[in-house]
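Residue numbers (the numbering used here), protein chains in the order written: chain F, 1 to 318; chain L, 1 to 575.
No lab work stands behind these hints: they were computed from the structure.
Just to be clear, a hint being listed does not mean it is correct.
Stated by the list, open to error - Label pairs and their calculated CB-CB ranges:
hint: 1; chain 1: F; residue 1: L100; chain 2: L; residue 2: A371; range: 56 to 66 Å
hint: 2; chain 1: L; residue 1: K207; chain 2: F; residue 2: F17; range: 39 to 49 Å
hint: 3; chain 1: F; residue 1: A309; chain 2: L; residue 2: D411; range: 48 to 58 Å
hint: 4; chain 1: L; residue 1: N287; chain 2: F; residue 2: F17; range: 49 to 59 Å
hint: 5; chain 1: F; residue 1: E47; chain 2: L; residue 2: P438; range: 21 to 31 Å
Said to hold, decoys possible - Chain F stretches covered by chain L per the calculated footprint, using a threshold of three residues with CB under 8 Å from any CB of chain L:
hint: 6; stretch: 27-33
hint: 7; stretch: 67-75
hint: 8; stretch: 87-100
hint: 9; stretch: 185-197
Ideal Cβ placement from N, Cα and C applies to all residues, glycine included.
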Amino acid sequence: MGAYVARRAAGAVPLLFLISVAIFAILRAVPGGPLAMYAGDPTVRDEDLARLERALGLDQPLPLQYLAWLVRFAVGDWGYSLASSQPVLGLVGERLPNTLLLMGTVYLVTLALAIPVAVVAATRQYSVLDHLITGATFAAYALPTFWLGLLLILTFGLQLGWLPLGGMTTPGGDGDLVDRLRHLVLPVVTLSLPGIAHYVRYLRASLLETIGQDYVRTARAKGLGEHAVLRGHALRNAAIPLVTLAALELPELFVGALVTEQIFGWPGMGRLFWDAATRADYPVLMSLLTVAAALIILANLVADLLYAAIDPRIRVGA
Amino acid sequence: MEASTFPGRTSLIRTAAARLAALFAAIAVLLGACAPAPAIPAPATPAPVRGGTLVFALSQEPPFLLPGYTTQTAAGVILNTVFDGLTGIDPEGNYIAILAKQVPSLANGGVKMLAGGRMAVTYDLVDGVRWADGSPFTSADVKFTWELFMKDSRVVSREGYDLIESIDTPTPVQAVVNYRQLYAPFLTRFGAILPKAVLEKEADLTKAAFARLPMGTGPFKVTEFVAGDHVTVERNPQYRNKERPYLDRIIFRIVPSKDAAVAQLKAAEVDGVWSLTEAQVPDIEKNPAIRVLTAPSATVERIELNQAKPGDPADPRIRHPVLGDRAVRRALNLATPKQQIIDKLLFGRAKVGTSPIALGWASPKGLTQEAYDSALAAKVLDDAGWVKGADGIRSKGGVRASITITTTTDDRLREQVQQILVDEWRRIGVALSIKNMPSSVLLSNSWTGGDPRKRGNFDAVLYASTPQVDPHTTMSQRYTSSSIPTAANSGLGQNFTRFSNSEADAAINEAGLTADPTRRADLYAKALRLLNEDVAIIWLYDRQSIDAFRSNVGGVTGNAWLAATYNAADWWIKR
Chain F
1 MGAYVARRAA GAVPLLFLIS VAIFAILRAV PGGPLAMYAG DPTVRDEDLA
51 RLERALGLDQ PLPLQYLAWL VRFAVGDWGY SLASSQPVLG LVGERLPNTL
101 LLMGTVYLVT LALAIPVAVV AATRQYSVLD HLITGATFAA YALPTFWLGL
151 LLILTFGLQL GWLPLGGMTT PGGDGDLVDR LRHLVLPVVT LSLPGIAHYV
201 RYLRASLLET IGQDYVRTAR AKGLGEHAVL RGHALRNAAI PLVTLAALEL
251 PELFVGALVT EQIFGWPGMG RLFWDAATRA DYPVLMSLLT VAAALIILAN
301 LVADLLYAAI DPRIRVGA
Chain L
1 MEASTFPGRT SLIRTAAARL AALFAAIAVL LGACAPAPAI PAPATPAPVR
51 GGTLVFALSQ EPPFLLPGYT TQTAAGVILN TVFDGLTGID PEGNYIAILA
101 KQVPSLANGG VKMLAGGRMA VTYDLVDGVR WADGSPFTSA DVKFTWELFM
151 KDSRVVSREG YDLIESIDTP TPVQAVVNYR QLYAPFLTRF GAILPKAVLE
201 KEADLTKAAF ARLPMGTGPF KVTEFVAGDH VTVERNPQYR NKERPYLDRI
251 IFRIVPSKDA AVAQLKAAEV DGVWSLTEAQ VPDIEKNPAI RVLTAPSATV
301 ERIELNQAKP GDPADPRIRH PVLGDRAVRR ALNLATPKQQ IIDKLLFGRA
351 KVGTSPIALG WASPKGLTQE AYDSALAAKV LDDAGWVKGA DGIRSKGGVR
401 ASITITTTTD DRLREQVQQI LVDEWRRIGV ALSIKNMPSS VLLSNSWTGG
451 DPRKRGNFDA VLYASTPQVD PHTTMSQRYT SSSIPTAANS GLGQNFTRFS
501 NSEADAAINE AGLTADPTRR ADLYAKALRL LNEDVAIIWL YDRQSIDAFR
551 SNVGGVTGNA WLAATYNAAD WWIKR
């Protein structure tokens with residue numbers, strides 16, 4: 001097991017290197033660049049742009065720029081934002097707790113609701129309830145988050161006045177726990193609904209398949225109660241694909257939610273990325289994308305290990 | 001959306017709001033008045049209230065809050081409340097004294113022309129001004145600001161500052177700026193003064209704490225900067241006008257989605273929203289609790305027509321086979337229904353364009369462009385020998401009147417304008433096809449980056465541009481023949497249409513060497529008349545800037561040249 005993890009980790013290093021080269025190449029192939037934002041300004045002359053280019057090190061040959069980033073990144077120095085001059089790690093430090101709060105809540109809510117709903121749907125296959133759940137999950141799955149988010153804002157924020165419309169806290173307020181929770185509700189609902197739908201579809205199908213298996217019939221024949229059959233035999237096997245799915249989505253805790261953070265004005269990682277992308281803020285983008293890639297590789301490893309832990313038929317490193 | 005906010009107060013800002021500015025203009029016209037209009041309170045609003053917090057929604061987050069180090073408009077909105085310039089701009093586009101006692105001019109002796117074409121500008125500073133930390137504001141701060149801008153490579157533009165030879169500070173309240181040569185737009189410089197005592201110790205200002213929590217001589221100082229969430233400014237107790245500001249604090253809340261911002265305004269979660277689109281207005285103006293403030297802005301939407309044969313790069317000596325003919329350009333202008341576009345697509349919230357200088361002291365009076373007349377357009381083309389073929393498209397000498405129009409992708413309004421043009425121009429026998437590009441390419445202004453306008457690789461391009469309150473840079477960069485980007489000059493200049501007229505060149509160049517504003521305005525008007533006679537550019541409309549406030553907010557007037565916060569000291573809110 002330890003050897004397996006070590007082998008996978010060793011394989012990840014060259015992969016990450018290649019990914020970072022690809023990210024760098026793609027970022028630099030995009031037209032524009034960090035100085036494009038000055039293009040419309042009549043006072044910014046070509047000589048000013050040339051000076052800024054030198055000041056930001058953008059006049060260096062591209063391979064050198066990449067190497068400079070790589071050397072620093074390898075020792076944990078993520079560099080400075082071209083736009084704000086803030087250290088990239090500092091920018092991440094400001095946003096990551098907000099994203100962890102939002103995405104972590106979404107993650108828990110999604111799992112906590114998806115599992116019972118899927119069980120209900122699968123155990124009552126083709127009942128009215130199952131059809132309702134199936135219909136609702138398809139609808140929720142099809143809803144674009146920007147639309148759902150605005151709809152929730154207009155309904156529960158504006159029309160009914162139950163919940164705040166955006167931000168993390170009330171401006172000028174003391175930001176106590178109740179205030180923070182109230183601000184959390186709508187973005188969490190927006191992000192959870194499609195996730196729940198997604199998981200329910202998976203788990204329901206997986207459960208139905210397991211329920212039809214011989215060993216479930218055997219368990220029932222032994223005289224086990226329906227509850228014990230479900231929990232001990234059907235669900236445990238049906239959950240295997242769910243675990244993979246859930247583990248693979250772990251990097252989202254870091255990446256954040258691009259669209260939902262925009263709509264709800266949530267100061268998270270998704271917006272940090274978006275702002276950096278619109279400003280072609282290379283150091284921020286390079287670090288965020290490389291770390292996201294690393295987390296995805298890590299999540300894959302975690303998924304594989306969890307898979308083995310849950311399913312005794314699978315042995316890692318075999 | 002990035003536009004000039006450099007340097008702070010004296011810059012032009014695309015997005016500002018001014019109901020009163022429009023009122024002033026209307027009243028001035030009605031009365032034929034030349035006396036300055038008195039402050040008119042908003043209709044049926046009670047007297048100003050002291051104290052309180054106002055929440056203002058900003059759609060962009062400023063990277064940092066340093067005047068001169070960013071051109072982001074959203075940063076300018078906040079910087080307006082913190083920093084003062086020596087001079088500023090009033091809503092009508094006139095220079096006003098702020099930290100200086102008077103606006104220096106030749107007439108009042110503040111500007112002196114010296115031997116060798118040099119120029120000295122004397123600023124007498126207002127007495128007793130203090131920085132928000134209590135230390136005195138002096139002429140040394142003025143000198144420091146210039147030195148900083150020339151020393152720090154992260155400053156965005158050094159225009160004008162690099163023409164200064166030295167600054168003398170004979171007394172703490174007098175600064176004499178010695179320019180190496182005549183620099184006509186000198187009043188646009190020193191739009192924000194930075195505190196020497198605080199900043200001279202900083203090795204890298206953009207990384208200093210001051211960059212996020214600055215203080216100046218303005219009515220407020222920044223007390224909180226929560227990344228991605230909000231920036232709070234609080235009353236500056238040292239502010240020179242003891243009666244101002246009315247508000248205790250303004251919270252600039254970052255609300256990236258403008259639709260969400262409008263919803264927050266309706267729910268009174270925010271008290272004001274910066275920079276809305278025309279399409280959002282019909283929905284909110286029905287709401288009695290909200291006041292929509294539209295102000296004219298200096299931004300002019302236009303269609304620039306390439307007079308050179310497109311190439312990469314184009315050779316300006318080779319005429320465009322279709323658009324090189326003035327008759328075609330004239331016909332296209334005649335076939336462009338500007339008022340209809342404004343009424344249908346902008347809900348009436350714009351003005352038909354006539355020149356690149358829509359507002360201000362240099363705006364040419366009485367300059368026009370022929371109004372929509374499709375029949376006349378067809379006749380112009382007939383007379384010029386463009387004959388309609390079987391498919392309804394004209395041709396002349398084997399050249400088909402078929403061109404493309406390019407604008408920025410993902411801009412719904414511009415795409416709708418293009419659709420109208422395709423129909424209208426086809427009716428007069430000109431085939432128009434659409435080929436849009438991301439703004440990062442089309443508006444990159446980069447010769448090496450392949451901006452097709454720079455390279456001359458386009459037929460017609462639809463976009464907007466905003467001049468400064470002093471239009472000289474715009475005029476010389478865009479409408480002189482020496483500013484045609486070519487391979488020979490490494491793509492310098494922004495004369496994208498390849499308009500070339502020696503009389504216009506002479507007028508613009510003379511204006512740059514003239515100190516008298518009236519004479520300068522005449523010279524620019526002459527050049528623009530020649531530009532319009534050539535129909536080099538179809539001026540579509542002058543954009544307005546639109547902000548919205550809860551109706552319990554008072555004192556907001558707007559300024560076409562600056563963000564609405566230019567007079568935040570006068571804002572108040574009744575809770």
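Tested hints:
1. Here the CB-CB span from F/L100 to L/A371 is close to 60 Å, well matched to the stated 56 to 66 Å.
2. Roughly 30 Å separates the CB atoms of L/K207 and F/F17, a value that falls outside the hinted 39 to 49 Å.
3. Separated by about 52 Å at the C-beta atoms, F/A309 and L/D411 satisfy the suggested range of 48 to 58 Å.
4. Between L/N287 and F/F17 the CB atoms are about 56 Å apart, so this pair conforms to the stated range of 49 to 59 Å.
5. Checked against the hint of 21 to 31 Å, the pair F/E47 and L/P438 passes, with Cβ atoms roughly 26 Å apart.
6. By the rule of at least three residues with a Cβ nearer than 8 Å to a Cβ of chain L, the coverage given for the stretch 27-33 of chain F holds, with 4 such residues.
7. Under a criterion of three residues with beta carbons nearer than 8 Å to beta carbons of chain L, the stated coverage of the stretch 67-75 of chain F fails, only 0 such residues being counted.
8. Coverage of the stretch 87-100 of chain F by chain L holds in this model, with 4 residues showing a Cβ closer than 8 Å to a Cβ of that chain against a need of three.
9. With 0 residues having a beta carbon nearer than 8 Å to a beta carbon of chain L, the stretch 185-197 of chain F misses the requirement of three or more and the stated coverage is violated.
Hint compliance for this structure: hints 2, 7 and 9 are broken, all remaining hints hold.
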